[in-house]
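*Asks:* Going line by line, the protein sequences match chains R and X.
Under this note's numbering, the residue at position 430 of the first sequence is numbered 430, and the numbers go up by one with no gaps.
Just add 1000 to the spot in the second sequence (first one is 1) and you have this note's numbering.
Bear in mind the hints are in silico, worked out from the structure with no lab data behind them.
One or more hints might be untrue.
These stretches of chain X come out as covered by chain R in the derived footprint (C-beta under 8 angstroms, 3 or more residues) [unchecked claim]: (1) 1051 to 1059; (2) 1119 to 1133; (3) 1251 to 1262.
We put the CB at the ideal spot given by N, CA and C, even for glycine.
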Amino acid sequence: MEVIFLFIVIILSVASFIGVFSRSAILTKLVNALSALGSLTIAYAGIVGLKESVELNITLLHLKSDSIINAFSTLTLKVDPLSGFFMIILGILGFCTSVYGIAYLDMYKGDKRLYAFNYPLFLLFMFLVLVSWNLLWFVVFWELMTLFSQFLVAFERNEKTLIATLKYFCMTKAAADFMLIAIVLVLITISGGGDYDILSSQLVNYFRSHPLEMYLVSAGFMIGLGVKAALVPFHVWLPDAYVEAPSNVSSLLSGAMEKMPVYMMFRFFLSFTPLTPNIGLLIALFGTLTLFFGTMYALKQTDSKRLLAYHSVGQIGYVVFALGAGIYLLSKGYTTFGALALMASLFHALNHAFFKGLLFLTAGSILYRTGSRDLDHLGGLARFMPITAFAALIGSLSIAGMPPFNGFVSKWMIYVSTLPTPTLVSLFGALALFISAVTTASFVKYFTSIFVRPPAKEITVKEVPVSMWASQLILAVLCVIFGVYPALPLEAISKAVDSVGVTTPSITVFPGLIVSDGIGNIAPLALLVFSGALTAVLLAIFPYKISLPVWTTGTRRSLAMRLPASSYYASFEEEFEDVYSWGEWCVCTTKRLWDATKAVLSNFEEVSFDLDKMMTGAWLMLLILLTILGGVLL
Amino acid sequence: MNAVYAALNLIFIVLFAPLLDGIERKVKARLQSRQGPPLIQTWLDLLKLFRRPNVRPRESVRWLFEPAPAIALVSVLAASLFIPSLLPGSLDTWGDIIAFIYLSTLSAVAIALGAFSTGSPYAQIGSHREVSIIMAEEFSLAFIVAALAASSGGLSFSRLFPLQLKVSTITGALAFAVMAYVAGARIPFDVAEAEPEIVEGPFIEFSGKGLGMLKLSIYVKRLLLTTILLNFFLPQDGTVRVLVYVIGLVIISVVYASIEAHYGRFRTKDAARFLKRFAIVGILSWILGVVGW
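Work out the full structure, taking the sequences as your base and the hints as a guide.
*Replies:* Pasting the structure below:
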């Protein structure tokens, strides 16, 4: 295992090193290829980690003092089933986005060193966030992960991307991460060490006797992580950042980086704190608000990547909601439902990585060929880009939760674990069920307005290069496989849930999923076999032989009429206007706050437009941060 | 044994659904002082459609347009396998009420995508409306499902059929009756098809066997919704069930048809508003269910 770890670190560092000199396109491709290799190794390490926990201690410094800085003297890396599970997500998605990047980056003319240097490091630090077994090191890697992702967002170096980057920087780093650091310091001081083993043994007891501290620390931790996970109302940075980043980076940001806070929430709320109903309910409420507002706003978007970005907010809401419901139900004594909700949360996190990763890649492919993200302008591309269209269709149906794709199974698990309980989470579950229909509608819009609706002006393009469509197809196939054969991911998930100390319920997973006692059951494989066979028969006996022009009310000219993307569900949106007016109110309030901060930040902003200064500045701040950290603790 | 029952149920549903529509047409005609077509008229219409060739619009996206009617029909037929209808047995491990909701949404999505792929403006308008109504429907339905699930402790049909008689389950089931009416795309909620207005919207470019399958899928969907409603109250075994079930189907159809005969079409916005407000019934029965009534 040491060899694997070392291999990952070396290959990604080498890739990043090459990136510094990558003035030519070939070298950028090499960087992507190396990152793909590194990602595959991460996935492999994750699979190994599921079977057995592997621990690795590296002594960095020999310190004699007994202060907390000792935590820095050794670096403990460990893969347990929970981090192994998230490593598989990171590895598979990272592989696909890297392979995709090989051709995709050709789209950008000019200097690509900013990408080539930061991309492998971003992957590397996400990996280190997952494997570090010490909260202090976790925070350090977390900071570095944010830092490098931030430069990737700024890749295009124009005004829009820099504003998005600044917003991202201000919200996640300046605001949330300081909170996170503070909390982490508190936690380490309480338990006397940053090791996860020490934390889980010490903190639970401490919090049992100090409930007030537990609530304060949990709230702070939740906000610190929640900004990164883009929970409503902390999601403001996300749409801009995801839209402006190169598409394969958006895919990675949404699919993998958004899962890092979820990973830490699992560790913190399940291993480090005693299960408390109030905390669980609050997290569930947070998740429900996120899924509701995120998706309702996504419905209104007319920019392809912005629509997907808002859905990332919405879908992470499902994951967090299920996590909160799990904690709540477990602490209330509904063990089966609670454990099931936790499994659903992890499963949806996995599925979200695949289908949203896939959808961002398809949006990237469209951008690559047409240079447009505007749903009003695009149209009729299914004829020119059939493979991308097919992959986008599978992604859209998966996120909409249509059987037999993977989103169906994980959403079903969320409903099954929440709806039948006589608690408040059942009402939240009902909202999730409604939002699922809104998601469906939103993706009918995404798919049809890009691929099938007649375009405003005829667009003629070619299918994207093989490395791009191949990585889309890999993700699409995974969406199908995990949908019809959920036993495979669920095995990994139950190991991961077991490892945080929750006994998983015995549910039948093959051929269909059955939760005993009539709580719920589905058989996606059987449904697929039946429907597939019958559809094939119907298509075979009723072939289409005649083709005629579309009916144009009798005139000879083509009607070529199309409704703009904003008018798709106008009457529905009008009826649910209340939702948007609450949203507007919140936006106004945040805007006032933002304006106040901006006055302070305006000096800083000037500096930030110069990217090189910004990079240097960020490094300096990190250094200062580490010094302060050391100084305080010594 | 269950597989045999499921197959028999499937055959019954396919045969009986158009007949039920024939009954509804007769009832509506009589209420509007017309003679009305014979009871098997719907069957005759379908048979005629199935004898006609399929026509594909030249501008359509082939791999979306051609399978759309088949997928729309097959997904509701798949749902009929795990819902006990004429005979009490079914492949009940294949799905629960969530699976039914998603399969019927899949059927509507297949129609919408097929319709969109033609590029016809009428189909586009119709599909927008169809999806808008689905969203609004789900808003009401979600709370009703939560109410039924919370008061009976499960989502699978073996738990829900028959319901324990409590205040919450009865209000929930009655609210479901309204949702069955709405989801069956009956007047005044047929905004997506809206024949006189946008010439059957999503269906406009479908013809022959494809159109036949689409029509059949709607009849089957209506029958299934009524079946679920009846199953909430019917005993799950005994010979009397068969008789009561068929009579119940006819009675509910007559009731639905006579409501239908007296209304004009809602605008999409009005339909959405009705469904938004109707959610309050679902929420109330959910509260009753959680309280334990």
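*Asks:* For every hint, state whether the structure bears it out.
*Replies:* Structure-based check of each hint:
Residues of the stretch 1051 to 1059 of chain X lying with their CB closer than 8 angstroms to a CB of chain R number 7, which satisfies the three-residue condition for coverage. For the stretch 1119 to 1133 of chain X, the assignment as covered by chain R holds, since 10 residues bring a beta-carbon within under 8 angstroms of that chain's beta-carbons and 3 suffice. Coverage of the stretch 1251 to 1262 of chain X by chain R is violated. Counting CB-CB distances below 8 angstroms, 0 residues qualify, and the rule asks for three or more.
Violated hint: 3 only; the structure is consistent with all others.
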